[in-house]
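*Asks:* Residues per chain, in single letters:
There are 4 protein chains.
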Amino acid sequence: MCGIFGVHGDDKAAALAQLGLFALQHRGQESAGIVAVNGAEATSIRRMGLVSEAIDATELEALHGNIAIGHTRYSTAGSSTLENAQPVFVHLKVGHVALAHNGNLTNADVIRDGLEASGSIFGSTMDSEVIVHQLAKATPGKPEEMLAEALRGFEGSYSIIVTIGRTLLAARDPRGWRPLVMGQRDGATVFASETCALDIVGARFVRDVEPGEIIAVDEHGMRSIKPFTVAPQNRCVFEYVYFARPDSTIFGGSVDRARRALGRALAKEAPAPGADLVFAVPDSSNAAALGYAEESGLRLEHALIRNHYIGRTFIQPTQEGRTSKVRVKYNPVREVLQGQSVVMIDDSIVRGTTTRGLVALVRAAGAREVHMRVASPPITGPCYYGIDIPSKRELIAASQTVPEIAKTIGVDSLAYLSLDSMLASMPNGPEGFCHACFSGKYPVQPPRGFEESRAGRDE
Amino acid sequence: MCGIFGVHGDDKAAALAQLGLFALQHRGQESAGIVAVNGAEATSIRRMGLVSEAIDATELEALHGNIAIGHTRYSTAGSSTLENAQPVFVHLKVGHVALAHNGNLTNADVIRDGLEASGSIFGSTMDSEVIVHQLAKATPGKPEEMLAEALRGFEGSYSIIVTIGRTLLAARDPRGWRPLVMGQRDGATVFASETCALDIVGARFVRDVEPGEIIAVDEHGMRSIKPFTVAPQNRCVFEYVYFARPDSTIFGGSVDRARRALGRALAKEAPAPGADLVFAVPDSSNAAALGYAEESGLRLEHALIRNHYIGRTFIQPTQEGRTSKVRVKYNPVREVLQGQSVVMIDDSIVRGTTTRGLVALVRAAGAREVHMRVASPPITGPCYYGIDIPSKRELIAASQTVPEIAKTIGVDSLAYLSLDSMLASMPNGPEGFCHACFSGKYPVQPPRGFEESRAGRDE
Amino acid sequence: MCGIFGVHGDDKAAALAQLGLFALQHRGQESAGIVAVNGAEATSIRRMGLVSEAIDATELEALHGNIAIGHTRYSTAGSSTLENAQPVFVHLKVGHVALAHNGNLTNADVIRDGLEASGSIFGSTMDSEVIVHQLAKATPGKPEEMLAEALRGFEGSYSIIVTIGRTLLAARDPRGWRPLVMGQRDGATVFASETCALDIVGARFVRDVEPGEIIAVDEHGMRSIKPFTVAPQNRCVFEYVYFARPDSTIFGGSVDRARRALGRALAKEAPAPGADLVFAVPDSSNAAALGYAEESGLRLEHALIRNHYIGRTFIQPTQEGRTSKVRVKYNPVREVLQGQSVVMIDDSIVRGTTTRGLVALVRAAGAREVHMRVASPPITGPCYYGIDIPSKRELIAASQTVPEIAKTIGVDSLAYLSLDSMLASMPNGPEGFCHACFSGKYPVQPPRGFEESRAGRDE
Amino acid sequence: MCGIFGVHGDDKAAALAQLGLFALQHRGQESAGIVAVNGAEATSIRRMGLVSEAIDATELEALHGNIAIGHTRYSTAGSSTLENAQPVFVHLKVGHVALAHNGNLTNADVIRDGLEASGSIFGSTMDSEVIVHQLAKATPGKPEEMLAEALRGFEGSYSIIVTIGRTLLAARDPRGWRPLVMGQRDGATVFASETCALDIVGARFVRDVEPGEIIAVDEHGMRSIKPFTVAPQNRCVFEYVYFARPDSTIFGGSVDRARRALGRALAKEAPAPGADLVFAVPDSSNAAALGYAEESGLRLEHALIRNHYIGRTFIQPTQEGRTSKVRVKYNPVREVLQGQSVVMIDDSIVRGTTTRGLVALVRAAGAREVHMRVASPPITGPCYYGIDIPSKRELIAASQTVPEIAKTIGVDSLAYLSLDSMLASMPNGPEGFCHACFSGKYPVQPPRGFEESRAGRDE
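Line by line, the protein sequences give chains A, B, C and D. FYI, in the working numbering the residues of the first sequence are 309 to 767. FYI, in the working numbering the residues of the second sequence are 309 to 767. FYI, in the working numbering the residues of the third sequence are 309 to 767. FYI, in the working numbering the residues of the fourth sequence are 309 to 767.
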């Protein structure tokens, strides 16, 4: 998963991009980068780390120009290198080209093989670079038409923000897998993965970039084309469940409202009679827990405090269980939990190891009974379209039944939200979503050898 | 304000200290340091920055020994230098001495003048260093008696953790201003500012270090002395209101319970009839908002999302109001606020600038009415005892009445909790607190020229 | 100018490459890089700065494999970026390819234009990258044949060391512009720009890579091909005059011997009757000064001490002349110079500014007369074949006669060595050299717009 | 050994100090520091590393004021920490005090014990800090008199540059062990260890600070006092032999002239009949080799090339002898050495390991016979007065006879200069030198436990 941002028409474009990336940091923390376009010149910063580490204030001031795009990259195993940091930034015969991509091109390897066979050279292992190579081979013309030509053969998901010379472009794949929004701020046009990045720069939300749409902005104004065949919608339901920020609006609906609805549906479908209180695993489940409390009438409590200061590495001094990673990140509030029968709400369970650690913490703090309620269905398969869900063998729900999971994580009861209820809770109705990781219904062929290569990492 | 931690009796003492400092990071983010004692040897790390930045994993492994103390320092203007990072670490004729201090010695400058006049040399501008100089002049004897002799002349607040040779000591001033707790973990003894730092290392809370008590731990066991005249208690009420972590127990009471009680009292004393919902300024006011919601029956909402990724510096690209610091740190949830009459809960108001910015954000997100409720009284004076409350001229409530403040911050109504209600909400009754910043009743003379020097900074 | 190094057949290949680069540091100080090949895997380090700054010991240990190549890059204006650091390192369909280049391809821009027009993407502004693109398009086959095919259209100078999959290759352009030597060390084969890099790894010099030769080394042994039409030799005379290290053997002759011969020839051609002593501008002129002293019978002195500790940046505190860059780098020995008539030897004069500063220092230290003798002819034109000689308008001898230069630099007399004498001093006779920068006889067409673009930088 | 520098009366004092430290870098490469005094304010930079690494340009610009002192520190085992970096910088009741020290106080530990017993606290393990403590206890008065009082009890060597408030002071111990010179530059007064640091800032040499003299400079002018009993001179002969830069004048004589005289005396006392040529171990022996060549009539050659780019750490890839540290630092010129009988000149031999490595290199490069000539006597004892000569057990001449050393280092013949000839070569006659490391005649008692503690390091 990644966060993307672009702005056209502000003299401080790069500084706005930095702000936008701060707001999109939750979508990727491995690397960050900004490319600014100043007439025929273009400059870039790309570094490993958080935006606050990667984007130096002095360097940022040197990124001149009224167009800028930015990218935050999620850490995915095996490819965590500076070469793979984005935006991709090259010089083509049509001028400088920069590209920031959120998504996963499922047939990128096939196209890449063809390009390599005809002598193209790749500097990274990213599928995103393949788009740029196709762009290099596109018929010279209007930037949006060149981009349409370059994108034509790709399958899978892409929300992209691109600069070709002095034109800023935003495009979304025909199935609309990943979100992409457009805003205005005085004379400037802003594109971003989520509306929270419009808010931070003081831009007003205008509309979504539509599935299959390419929007181009330059000094002559804005142009929109829809060059691709209409396809069924496959918006990622997991964006609403976990990934996006609660203060964002994506796919035309509020993330906070979606999560509140999930929590309420969960309370209806899986009540916890006899429980004393309900609490969230902070912060991603806060809204769902609030919904659960409202619907169930149970008392809401803050029973787990999350430490936001933990760096990405710390020495684990002694044996697991004592000072595990979970304990370093979360601390239970003993006075809240002591002697209580509690409902613990999480948005989802992936491997189950964190959940198991949390349950142990909660019990050690005195909880009498722990009833786990999950605001989405069991995750049974990986995602091939841009979210870093681990391979099948790491997913607890791929190999264990719900009662087995309950035993593994050590709870008194466990219930997941059903697929139907999840979809029914979505802001604009249950249609048009990809829920493959929950349902196994993959709308587009996985990339060649995808699961195998990930499984290989487990040995 | 600072966080302090000490452990005796664990071979991984320094690694435990690092964990403890992670849990105490909220008490100080300017610098961090650890000193480890290994027999007659002692080694240290001290750096500017967060624990995750200051304490390098490789260096940490080189801190051998079964005794360690650590310190996180709060950024106070004018003295943010490495020289002032703690623990203070020196070699005296009795061996290595390290000291971590939380508090403020109000007569340190007088004692320092005397020491300098007789030829002592100071390496920092910290009052804490004066204790070490007094220790250097103490009559050789048992470590706890030397420490008692060194501390005798000091006024003001101190919770300290000290190593003298191979002995670990913890001491708290007779008025008990700052918290200090003791825990056990297998054979090891742990001291920390708050219990959340016991939790993170898996230590069991035993009891508070008592006001006026000095506890010494060495290979022969534990010894406690109470060498000072009994004084009235002056526990800092602001620790409960704002400073400590909600998952901590300090002064014998739960911080979470205290804040919930403050919220409930606030709802009784200052209801908001006609309001649609209540929300917290996250994260420090979460518990008070929950209390307010419970008591008032108003719907609790998460209306502000806080961004934890913002680095300590970012370039402010354009004019205030658009992309202010407040907007970068907080984002309102439009769907929650749109058209609503809202109650915004904060634990306290200091300068009023952040509050003003938040109110503007909340209104811009569509709130119809904003009713501000503050879970403590107006802050009218600085703190001379260890909390970095700014000088009088920066405190909004020092020069404005409540109606004036309401106007300044732009709310429809504003109410603070009364002093009596605040004290009545404290876990073990209203007695024995310092509330000088709220009430102006300073139990101990301020340090010479304190306010003047701070006022000087304003010009 | 750059330094290149390669080794095949040693398990510590990357560590040997680091040593080799230490010895070739004088050929390039802008950036350094190493690529190591371990079977089908390959890893790299590339950074700005000196080898000691760029190649971290811990990272170096992670460069596994028994093949490694390295590169030190000279700082040339306008392109000092990490993207331009070498070795070029990409993945092609034939496997990993790494390339280290010393030289200048005079028609690279023409070939690059063609490649870009057909959709190739370049990640750097280096001519060296064009070779890799041609390699990507070469007919699959033996690595040496693919390299031959890739190199076929290029004009200009190249000594290159390349890895294609598990094969190490070394190649030199048909005119033999830049040096390239081969050595042996137990079972390992070593290639390097100069023999001093063989010495530092304990390798025995075997022979030069011959002009127009491609040598391939893999697990089956060594193969040599000469795929190009024989061309007249154009070995760079400036390598002997200034660039190479005196302890190296290049083009089949000792650099030290060459410089001694230049000094002796200079003494014959341009004696300084009446002078008291002779001294070198250290360190590059030491050998020439020794030759001049031997031939002339004048007393050799060390009159200038060079400071090797000066970092690349220092603040210039006051007005020029007082603490100029020259003064920071060199200090005269007053006791040697006081009242003397001196002969100052330098290998060459480029802009004349350093020389002028040195003459002023020498006079200020008491020299009565300063007779400048230069061990090469006046430099009147830029180099298009790999040495960073500035544009014509910056070359003092391009616009001033020898008497004018003497006046400009402030000497009592000035003499250069003649072109014929310089060539006659070369180890293996005067034939087969490029001396275009001295004579204006450019054996190969300059690249399109070369001088213009450089001239443009002056405005 | 250390380098010290001070300037009074220039608005760019800190920038001049940086230049001065560049020129004194050879006297200490472990750490560097500058303190600048601006009226009642004073600021400092101190870091580990070379001047170019330790003194950042931006930070330097923040060191305001017209007084500055600087220090470069030599790496001595066991105490290489930032705490020990100089200048010592503290605030006393008389104002800011900064001190830069070159030398060794042989009774510092005794005085320190007394100070610690009376409650003083030390922040470093340096003897230099003891002076500051004594200064803190001195009777308030004129700065020079306070400094005299502070210095009164000390034995051993000290050349110091000090600031007390707004006064710059320079002092040299009564025996004059270490050099210290004074210069003028417009209205500014400059003090430095050697004249090369006057040269680099464009200051004119005025005179030595005399043994036992204290010079004070402030806005009222310059004052000199000689408060100590006259003592016999003990100028360090090793400064002339090895330590000082050849372009410096110290102790009233030229270092270059001294070394030339040593070389000539060596040629007379220890000729090498039948040898073909003579060469130096660069760079410290260049002048002695020149002297030897002049006197002997042997041909001078540059047979060893020194690499100045080697960083302080490099991975040693394989077995000793192949790629030893010596080989990385020096490379022989084969064409010079092949088949020759050579005289190799070094200024001194300490452990013998480098010499042994060099002899092996020279032989491997083809030398037929190697005759080693050393321009000073055998070093048989450590230095207690400020030079980091290793402990007795590491000194090759402390346990081996000259014939044994010849065998150990592998030469055909070996001769050292005699003590008498060395002293006779000194610029102003043989009297008034300390030559304890050569002769064993220690003029002042070694510090308590000195040799033992160093010997302890060997186990």
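These are calculated hints, taken from the structure and not from any lab test. Careful, some of the hints might be misleading.
Since the list gives no way to pick one copy over another, a pair counts as held whenever it fits inside one copy or between any two copies.
Computed list of lysine to any residue pairs in SDA-like fashion (alpha-carbon distance at most 25 Å, straight line) [unchecked claim]: (1) Lys401 / Gly347; (2) Lys633 / Tyr617; (3) Lys401 / Ser532; (4) Lys445 / Asp584; (5) Lys534 / Arg565; (6) Lys445 / Ser726; (7) Lys445 / Phe462; (8) Lys633 / Gly373; (9) Lys445 / Ala370; (10) Lys534 / Gly357; (11) Lys401 / Asp421; (12) Lys637 / Leu368; (13) Lys445 / Val418; (14) Lys633 / Asp319; (15) Lys700 / Thr661; (16) Lys715 / Gln646; (17) Lys637 / Glu361; (18) Lys715 / Leu585; (19) Lys637 / Gln337; (20) Lys633 / Gln646; (21) Lys637 / Arg493; (22) Lys637 / Arg512.
*Asks:* Each of the hints needs a verdict: does it hold here or not?
*Replies:* Right, here's what the structure says about each hint:
Proximity of Lys401 and Gly347 under a CA criterion of 25 Å is satisfied intra-copy only: 15 Å inside one chain copy versus 36 Å between copies. For a Cα distance limit of 25 Å, the shortest separation of Lys633 from Tyr617 qualifies both inside one copy, at 13 Å, and across copies, at 19 Å. In this assembly of identical chains, the alpha carbons of Lys401 and Ser532 lie at most 25 Å apart only when taken from the same copy (24 Å versus 38 Å across copies). In this homomeric assembly, Lys445 and Asp584 never come within 25 Å of each other (Cα to Cα): the closest approach is 64 Å inside a single copy and 58 Å across copies.
For a Cα distance limit of 25 Å, the shortest separation of Lys534 from Arg565 qualifies neither inside one copy, at 30 Å, nor across copies, at 57 Å. Proximity of Lys445 to Ser726 under the C-alpha cut-off of 25 Å is found in neither arrangement, the shortest distances being 47 Å within a copy and 54 Å between copies. Proximity of Lys445 to Phe462 under the C-alpha cut-off of 25 Å is found in both arrangements, the shortest distances being 15 Å within a copy and 24 Å between copies. Taking the closest pair of Cα atoms, Lys633 and Gly373 come within 25 Å of each other only across two copies (24 Å); inside a single copy the shortest separation is 43 Å, beyond that limit.
For a Cα distance limit of 25 Å, the shortest separation of Lys445 from Ala370 qualifies neither inside one copy, at 31 Å, nor across copies, at 37 Å. In this assembly of identical chains, the alpha carbons of Lys534 and Gly357 never lie at most 25 Å apart, being 36 Å within a copy and 49 Å across copies at closest. For the homomeric pair Lys401 and Asp421, the shortest alpha-carbon distances inside one copy (23 Å) and between copies (8 Å) are both at most 25 Å. In this homomeric assembly, Lys637 and Leu368 come within 25 Å of each other (Cα to Cα) only across copies, at 20 Å, whereas the closest approach inside a single copy is 32 Å.
Proximity of Lys445 and Val418 under a CA criterion of 25 Å is satisfied in both settings, with 16 Å inside one chain copy and 18 Å between copies. Taking the closest pair of Cα atoms, Lys633 and Asp319 come within 25 Å of each other only across two copies (20 Å); inside a single copy the shortest separation is 44 Å, beyond that limit. Taking the shortest Cα distances, Lys700 and Thr661 sit within 25 Å of each other inside one copy (15 Å), while across copies they are farther apart (50 Å). In the homo-oligomer, the alpha carbons of Lys715 and Gln646 lie at most 25 Å apart inside one protomer (22 Å), although the nearest pairing across protomers, at 44 Å, exceeds that limit.
In this assembly of identical chains, Lys637 and Glu361 lie within 25 Å of each other by CA distance both inside one copy and across copies; the values are 21 Å within and 17 Å between. Taking the shortest alpha-carbon separations for Lys715 and Leu585, only the intra-copy value of 22 Å comes in at or below 25 Å, while the best inter-copy value is 39 Å. Within a single copy, Lys637 and Gln337 get their C-alpha atoms as close as 17 Å, and across copies as close as 17 Å, so both meet the 25 Å cut-off. With identical chains, the CA atoms of Lys633 and Gln646 are at most 25 Å apart within one copy only, with a shortest distance of 23 Å there and 39 Å across copies.
Taking the closest pair of Cα atoms, Lys637 and Arg493 come within 25 Å of each other only across two copies (20 Å); inside a single copy the shortest separation is 38 Å, beyond that limit. With identical chains, the CA atoms of Lys637 and Arg512 are at most 25 Å apart between copies only, with a shortest distance of 18 Å across copies and 35 Å within one.
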